[in-house]
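J.: Sequence:
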Amino acid sequence: MHIGEILNDSHVDSVVTVRGWVYRSRESGRLVFLVIRDSTGIVQVVVEKGVVTPEEFEAAKRSTIETSIEVEGKCSKEQKAVTGYELHATKIKVYQFAENFPITKDKSDEFLLDIRHLWLRSREMTAIMKMRETLLDSIRSFMKENGYHEVQPPMFVGGMVEGGSTLFEVPYFGEKAYLTQSSQFYLEAFMFSLENVYTISPSFRAEKSRTRRHLTEYSHYEAEAAWVSNQQMMDMEEDMIVYIAQHLLDSNREELEIVKRDVNKIRAIEKPFYRYRYEKVIEIGRQKGLQLDDVSDLGEKEERAITEDFDKPIFVYNFPTQLKPFYHRPDPEDPLHVLNHDVLAPEGYGEVIGGGERIWNKDELIARMRSENLNPEDYQWYVDLRSYGSVPHSGFGLGVDRVLTWLAGLDHINKVVPFPRSMRRLRP
RNA sequence: GCCGCUGUAGCUUAGUUGGUAGAGCACCCGGCUGUUAACCGGGAGGUCACCGGUUCGAGCCCGGUCAGCGGCGCCA
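Going by this note's numbering, the first residue of the first sequence is number 1, and it counts up by one from there.
To be clear, the hints were calculated from the coordinates, so they are not data collected in a lab.
A virtual CB, placed ideally from N, CA and C, is assigned to each residue, including glycine.
Hints are all accurate, no fakes.
Across the chosen pairs, the derived CB separations fall in these ranges:
(1) 421 - 12: 44 to 50 Å
(2) 229 - 370: 21 to 27 Å
(3) 58 - 82: 20 to 26 Å
Please work from the sequences and hints to get the whole structure.
T.: Structure follows, in structure tokens:
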């Protein structure tokens, strides 16, 4: 039986068997207290000398943290036990006495990364992995309800997706391949068949960033939709974010408590979000004392300062054309700005989405590439998509790990990824 | 890549003016009839990141190397 099932009155006075790992152990004379952990929760077991065999009592005394164990016992309600219920052991079977477990109460974030393969067992990581699962599930159900098809783009690619970003190079049968840094261009190809498409795939960036919100490998949720404008894309993203936040609140109350998240902060994520033109955000930044030119990109510091007093996400739309990659569509009424948007998460978390309309006219795309000193031949198949019945369309990319960091109220992206990869961490 | 900081036991750390390396947790032994990352007594555990220098003497001062952290830039 799983521990989660006995943490209520339904099994009081009945004899049950649980299996798991020793989470805490204490002894006091003829009593041994073992807190047992499984995937569903923790429960205290009392082992009393004389009730179990002498061999079993010795085994209980010897049970170190993480010892794998099976316990049969009578379930009772007990105020003094950590989770309100406890088992009075009648039988004990140890599978393996654990060696000295390296994690104790004194631990640094750095050490926990070094022994991440063991730290995954912690209540914190277990809670985070459950919340991550909820997040991915809710993205998929939202997209399905909204008529999007999930597709699988390649991870090995032959060329650049975005000019400028750093690619990981991999040997590929005598030629060079790269790990994808965005699936956007591939989604645009899928779009001509399935119209509304999305993927949740890894993206890889060899940027030597060292910040609390960058990884070299991250979960990238990207979508592309035919016939959709920048404003319509924002509407959809707004619905999506409200949906996933609500879903997390409904499904993971216990896990949010384990990571000590103030759930009122999640409750506050309601429509409508704030929507500001780029210039307005520059103005907000200046009011906060930031030195900003009329055309300056928003760095992490700026985003933190701008978003820390907000309770809901902020759309920033129509950035200056010169700040954005070539595929963004300039506003036909105002070519100095593109029809794009970022979503900044509140409480200082900053950018979680970048998206907008793509240039769908072939000649315009080529002209734009030339003005950025890019060779259209390097993007041959991407340009080719504009040759056969091109249509207006929009898309976005969302950093799943960033969103989870924000929703869970954590201070570093490393905390929401089971095995985070950064410039300086490849193991475990 | 740039700037700044840090490196002492398995973990978290103290270490004064340069003069015998100390603690808490974890571990081992013993004690305790209800513990809450218990308590009490005892024990074991150190290449003070590495290399070189100054000095009678270096964890401490100087130079270099490596590693990590924080920030910037870049981005999701």
